[in-house]
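J.: What follows is the residue order along each chain.
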Amino acid sequence: MNKIPNRQAICELLIERANTDKDIVVLCSDSRGSASMTPYVEAHPDQFVEVGIAEQSLVSVAAGLARCGKKAFAASPACFLSTRSMEQAKVDVAYSNTNVTLIGISGGVSYGALGMTHHSAQDIATMASIPNMRVYIPSDRHQTRCLVDALLQDEKPAYIRVGRNPVEDVYEEGQVPFVMDQATVLSEGEDIAIVACGEMVKPAQEAVAALKEKGISATLLDMYCVKPIDQDAVIRAAERAKAVITIEEHTYIGGLGSMVAQIVSANCPKKVVNLALPDAPVITGVSKQVFDYYGLNAEGIVKTAEKLLAE
Amino acid sequence: MENLNKLRFELRQDVLDMIYRAKTGHIGGDFSVMDILVTLYYRQLNVAPDRTQDPDRDRFVLSKGHSVEALYAVLCSKGFFPKSDLLTYSQYMSKYIGHPNNKISGIEMNSGSLGHGLSVSVGMALAGRMDQRSYRVYVVMGDGELAEGSVWEGAMAAGHYKLDNLCAVVDRNRLQISGCTEDVMAHDSQDERWASFGWHVLHAEGNNLDSLNNAFETAKTLKGKPTVIIADTTKGYGVSFIENQAGWHHRVPTEEEYQKATEELKKRGEANE
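Taken in order, these protein sequences are the chains called A and B.
Numbered per our numbering, the first sequence finishes at 311, counting up by one with no gaps.
Numbered per our numbering, the second sequence finishes at 1273, counting up by one with no gaps.
Since the hints were made in silico from the structure, they are not lab data.
Honestly, I wouldn't trust all of these hints.
Listed next, the in silico DMTMM-like pairs over lysine to aspartate or glutamate satisfying Cα-Cα at most 20 Å (straight line) [unchecked claim]:
(1) Lys22/A with Glu1010/B
(2) Lys22/A with Asp1056/B
(3) Lys1225/B with Glu50/A
(4) Lys1267/B with Glu1257/B
(5) Lys1103/B with Glu50/A
(6) Lys1260/B with Glu1010/B
(7) Lys3/A with Asp169/A
(8) Lys202/A with Glu299/A
(9) Lys156/A with Glu87/A
(10) Lys1162/B with Glu50/A
In silico contact screen, one side only, chain A against chain B (beta carbon under 8 Å); selected entries [to be verified]:
(11) Gly52
(12) Ala54
(13) Gly64
Predicted model, so just to flag it, every value in this text is computed and none were measured.
Idealized CB from N, CA, C, for every residue including glycine.
Generate the whole structure from the sequences, applying the supplied hints.
T.: Structure follows, in structure tokens:
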């Protein structure tokens, strides 16, 4: 089992890249430990800014740095970054078009029993609804690395959400089929199309294997690029399938499922079922317990697929 | 030296024209802040229309973005865009909207939502220090704006990092949309508040170009801390019936008021005020 969380993968990459790129600046809001950024701070103290527990200032300061030529990476818990500083993300980053990457750490329900204050089950909805803000939720550490490297190549605003805990690898090191802003097709099939992002990609992969044993073939898209969503990939997958299932660590309102449903209904109408978190504070538990309770696992996908195909 | 006294009233006339034509705008704050902008753009800022991306240019952020008509008038007078552009202010499809946006030559950052500019300026000042550039960063806030908590996040960071390349200005006209600032939400003592966050505090007569310029010159000599200039201004300065009236925060003049204001601006521009 992999022991490296995606946040650590970001830190390791930024340490490497900052060796030669002096314009990289990381900012934290008393979140360097939570963001696994302590090694970066030690390696590049002159390319680091601490703002204290002040997420609004975190984002505005990042935007000011970016306006003066810096490549700013602001790392803070996704729950605060996507709501407390949403307006700074909207005005100073997206609207002002500054080269800021917002890194939402411990996203979704990673913080488990800490409760709704610490959950970011709404960050796709908040961030994706801002014009000129891109939203990425990578599935594993290898894809995370490819994503951050790609973001270093452009100068546009982005929000990335990563979880707190290590997640099993979806891809093999050095062999990530990554194309920026294109969904990764993990399997192709005729019966069901599954669209997943982030930590839900691995259980979706397991579901595909389980479905195969039952004689059901499924397409699986790793939609790490939630916005701009890969519309063509969704249409291609939905057209050949009988129904579509989406799965995400996010409320069913305004997330990946909503976006996929909009695309499918407008282009190739099929039944779309969203597996997602409820419009309510989630139960107390660690991530896996929460996922299992709400059916956000391989079993939930398999059951949903069987039900859809039986209709 | 140019006749800046005449100019500052002519620029107010440009603002009056814009607002009268578009039937929208924030005339009280525009007239209040105009002399701060004239001092900055005509006597302080190292900026020019032909080098808007020069890494060594000074940076300016209008955090009280609703005074954008004053900024448009000043930028236009400095040649950042032609005067005909002012005719499009707030018109259908115009980029000259009611708050600053950086699609317009000379404008660094989009603003309009209060309480953002100071922290953005902290980032700009930190970048200057990291790159060992000698540019200075200026930000103008309204006094009502100081009720935004995010202002004090920025103030804290500027004090913490001892950003002596950063100079903030508070347009202290003591009025906001609902009335007197001290009735809406008390802001005195400004001196104690900023000083306790690690800032040098200076005062200037905010509608006196020499007083403002002296304060900016002094700020440049103060090291080890950021400086805030509390500019004691008169809201609506330049037209007596607009001055010190909260109701003129964003009122649009009638034709009669427009004519009257035009006459007074002309008279005061010619007088050596």
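J.: Compare the structure with each hint and give your call.
T.: Status of the hints after comparison with the structure:
1. Of the pairs offered as hints, the one joining Lys22/A and Glu1010/B is violated, with about 46 Å between alpha carbons and a cut-off of 20 Å exceeded.
2. About 18 Å separates the Cα atoms of Lys22/A and Asp1056/B, which keeps this hinted pair within 20 Å; it holds.
3. A hinted pair counts as satisfied when its Cα atoms are at most 20 Å apart, and Lys1225/B with Glu50/A qualifies at roughly 18 Å.
4. A threshold of 20 Å between alpha carbons decides the hint, and for Lys1267/B with Glu1257/B the separation of about 15 Å falls inside it, so the pair holds.
5. Among the hinted pairs, Lys1103/B with Glu50/A is inconsistent with the structure: their alpha-carbon atoms are about 30 Å apart, more than 20 Å.
6. For the given pair, Lys1260/B sits about 15 Å from Glu1010/B by alpha-carbon distance, which is consistent with the 20 Å threshold.
7. About 10 Å separates the Cα atoms of Lys3/A and Asp169/A, which keeps this hinted pair within 20 Å; it holds.
8. Of the supplied pair hints, the one linking Lys202/A and Glu299/A holds, its CA atoms being roughly 12 Å apart against a limit of 20 Å.
9. Taking the CA atoms of Lys156/A and Glu87/A, the gap is about 17 Å. The hint holds against a cut of 20 Å.
10. Between Lys1162/B and Glu50/A the alpha-carbon distance is near 14 Å, which keeps this suggested pair within the 20 Å criterion.
11. A least Cβ separation of about 7 Å between Gly52/A and chain B falls short of the 8 Å threshold, and the interface hint therefore holds.
12. The closest approach between the C-beta of Ala54/A and any C-beta of chain B is roughly 4 Å, which is under the 8 Å cut-off, so the hint is satisfied.
13. Taking 8 Å as the C-beta cut-off, the interface hint given for Gly64/A holds, the closest approach to chain B being about 2 Å.
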